[in-house]
Amino acid sequence: MEQRNGKAWLYLLPAILFLGLFMVYPLIDVFVYSAEEGYNSASQTYFGAGLYNFSYVLHDAYFLQAVKNTFILVIITVPVSTALALLISLGLSSIKPLRNLYQTIYFLPYVTNTLAVGLVFMILFKKTAYTDGLVNLILHWFGGNTVDFIDGPHWAKMFVLCFYTVWVVLPFKILILTSALASVKQDYYNAARIDGTSSLRTFTRITLPMISPMISYLIITGFIGAFKAYSDAVALFGTDLNAAEMNTIVGYVYDMLYGNSGGWPSYASAAAVILFAIVLTITCVNLLVSKKHVYY
Amino acid sequence: MNVTLEHLTKVFPSRDRKVKQGTVAVNDFSFEIPDGELVGLLGPSGCGKSTALYLICGLEKPTSGRIYFGEDDVTDLPPENRGVGLVFQNYALYPHLTVRQNILFPLQNLKGEERPSKEEMLRKAEEAARLVQIEQYMDRKPSQLSGGQQQRVAIARALVKTPRILLLDEPLSNLDARLRLQTREEIRRIQRETGVTTIFVTHDQEEAMSITDRIIVMKEGIVHQIGAPQLVYDDPVNLFVAKFLGNPPINVFTGRVAGGRLYLGEDPVLEVSGAPEGEVWAGIRPEGFRLREDGPMGCTLRAVEVMGRDMSVLAAHPACDTPTFRAIIDSDSRVDRKSQEVRFSLRPAKVFLFSKETEERIPAILRGEEGR
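Chains as they are written, first to last, in the numbering used here: chain A, 769 to 1064; chain B, 11 to 382.
Don't take each hint at face value.
Unchecked claim - Below, a list of computed lysine-lysine pairs in the PhoX-like style, where the Cα atoms sit at most 25 Å apart:
#1 B:K28 / A:K864
#2 A:K864 / B:K71
#3 A:K1059 / A:K953
#4 B:K71 / A:K953
#5 B:K71 / B:K128
#6 B:K71 / B:K134
#7 B:K229 / B:K366
#8 B:K151 / A:K953
#9 A:K864 / B:K134
#10 A:K1059 / B:K151
#11 B:K366 / A:K953
#12 B:K171 / B:K121
#13 A:K953 / A:K864
#14 B:K229 / B:K360
#15 B:K229 / A:K1060
#16 B:K151 / B:K128
#17 B:K151 / B:K134
Stated by the list, open to error - A partial selection of chain A residues facing chain B, derived with a Cβ cut-off under 10 Å:
#18 G859
#19 N958
#20 A960
#21 I962
#22 A1045
#23 L1048
#24 K1060
#25 Y1063
These aren't lab readings, by the way, just hints derived from the structure by calculation.
Where a beta carbon is used, it is the ideal one built from N, C-alpha and C, also for glycine.
Next comes chain A alone, as it looks inside the complex (with noise of 0.2 Å):
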């Protein structure tokens, strides 16, 4: 027994140690810097221990500011999405002709590069000196005032942002839910229509709680990519997203890592640090309530 315990170590040692060291071990090294008070990069001194670099974070407007972006990002893009893709996919899946064609069109952005894509959006809401942009043409059209989506008010660079974001989550969703609807089986509608089941109820009492383990899956990995954006912003508004008030929690670590003066890796461990627990505390919410709502 014991000599086949040692084998299976050995076996498992490459794993291990590659995990262990790029991992495991950056993983704690957060947790340490985040608590090391005047951390120095070049000459790895610090003065002392403590939670003060949580407090500079958590007092810091531009970390706040980031905070309130991504939260906004997250309330917003994970149900809006999530209820497309659902909606988008009972369609796909109720209509016969030319279904492939509808699904490679919805599944075209999840192939395409998202800074690219980032771009075109910026060209389609920008105003500048010489156009106003092709929707505030549209919305010129339709008797509006025109906005700068991309260089204006802060609702409009959100509402851009979100925009894109739902935009560039949908194929992904899709796919799933439109897999999901296919694997319930036709015996179910085929029972609900004999006993008269309206399709409204057929919905609601069958299709949603067939496929609800999918659903929550979307809705748990969802909020951890809209809590984790930040290319998204950085493709529409630039790296100099501060400025723009667009930053985001992952955005204000890079900037903390890399920014301007060289970079204070305590502040950007603390906001890693507080990143992770919000998203923890978030997905341990999401698992409680699907285990109240979800059938496997």
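Please build the complex by placing chain B on the supplied structure of chain A, with the hints as guidance.
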């Protein structure tokens, strides 16, 4: 409620657009099922029996023909307005709902005046559950029940809104052998108690024979014979029906009618009248053989299987369609197992003649020779 089908036909269009002709799943069905009977729709896989069931319940639209429930023409009615209960092959119980919620589901769909009060619904659900004897499992999920219990829940769900017709699609095929016996008795009992006209689809002839009032034997979309199980067994209209009913199956021989006698190979086995001279198929039920030392049919003995109640003799005969045939005889008859040869005489009522070309039954009168 009696069910009448009039020239009912269902053609599924071909998937391949080049092939214009579709698949005829149900071909010109015309028959009537009397009120309160338990009828078995019997046929091999892919013969269109499930399609026939789906046509009756309305999940499929017929290509032509009419369906009547009593006096009502229901051909164009959607399934929910036909008043049918359907039990699916895999039960199709909603896995996320409890047994009670599953049984309540059809009632909760009712609208307006038809919709009973909450107490009434619960009472009806209890009643249906009691009928199928699952009232102690009302708060369980389907996955916590055995196959047979799930089957009962499915029947209760189909019966709870008192349908005019109860339809069962291969109701026993997902159950193990012992449960199958038990459940088929159960279905019979439930049907007797409710008196609801019941049609069930099966490919298992034993299942159909054992509990039905009437069987409909079909193949490739065509009804071959309708009648009480014993009648169909004793008087098959063609070779297919004869082969399909009976376990162990009928033994098929190449026979020859000449000079008022039926010959199997060189053995003149029975006297025959009313059959044209020439080659025929002779179908002999396993119980149609009698062990006799001076019997006209000489066969090579291959094996003897003792099954307690009776005994099964495997033997070979040159005229037989298969390498060996099976004869079932009393367990107290003596078979010399060491002997190479075994001789049989035949019971005329268990021998059927079929045309070589059409495989239709030849209405011949057969008589045993031992009487002479």
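Results for each hint:
{"no.": "1", "hint": "B:K28 / A:K864", "verdict": "holds, 20 Å"}
{"no.": "2", "hint": "A:K864 / B:K71", "verdict": "holds, 19 Å"}
{"no.": "3", "hint": "A:K1059 / A:K953", "verdict": "holds, 23 Å"}
{"no.": "4", "hint": "B:K71 / A:K953", "verdict": "holds, 20 Å"}
{"no.": "5", "hint": "B:K71 / B:K128", "verdict": "violated, 35 Å"}
{"no.": "6", "hint": "B:K71 / B:K134", "verdict": "violated, 31 Å"}
{"no.": "7", "hint": "B:K229 / B:K366", "verdict": "holds, 19 Å"}
{"no.": "8", "hint": "B:K151 / A:K953", "verdict": "holds, 18 Å"}
{"no.": "9", "hint": "A:K864 / B:K134", "verdict": "violated, 40 Å"}
{"no.": "10", "hint": "A:K1059 / B:K151", "verdict": "holds, 16 Å"}
{"no.": "11", "hint": "B:K366 / A:K953", "verdict": "violated, 46 Å"}
{"no.": "12", "hint": "B:K171 / B:K121", "verdict": "holds, 13 Å"}
{"no.": "13", "hint": "A:K953 / A:K864", "verdict": "holds, 18 Å"}
{"no.": "14", "hint": "B:K229 / B:K360", "verdict": "holds, 23 Å"}
{"no.": "15", "hint": "B:K229 / A:K1060", "verdict": "violated, 50 Å"}
{"no.": "16", "hint": "B:K151 / B:K128", "verdict": "holds, 21 Å"}
{"no.": "17", "hint": "B:K151 / B:K134", "verdict": "holds, 19 Å"}
{"no.": "18", "hint": "G859", "verdict": "violated, 23 Å"}
{"no.": "19", "hint": "N958", "verdict": "holds, 6 Å"}
{"no.": "20", "hint": "A960", "verdict": "holds, 8 Å"}
{"no.": "21", "hint": "I962", "verdict": "holds, 5 Å"}
{"no.": "22", "hint": "A1045", "verdict": "violated, 34 Å"}
{"no.": "23", "hint": "L1048", "verdict": "violated, 29 Å"}
{"no.": "24", "hint": "K1060", "verdict": "violated, 12 Å"}
{"no.": "25", "hint": "Y1063", "verdict": "holds, 4 Å"}
When held up to the earlier numbered hints, the structure conflicts with 5, 6, 9, 11, 15, 18, 22, 23, 24 and fits the remainder.
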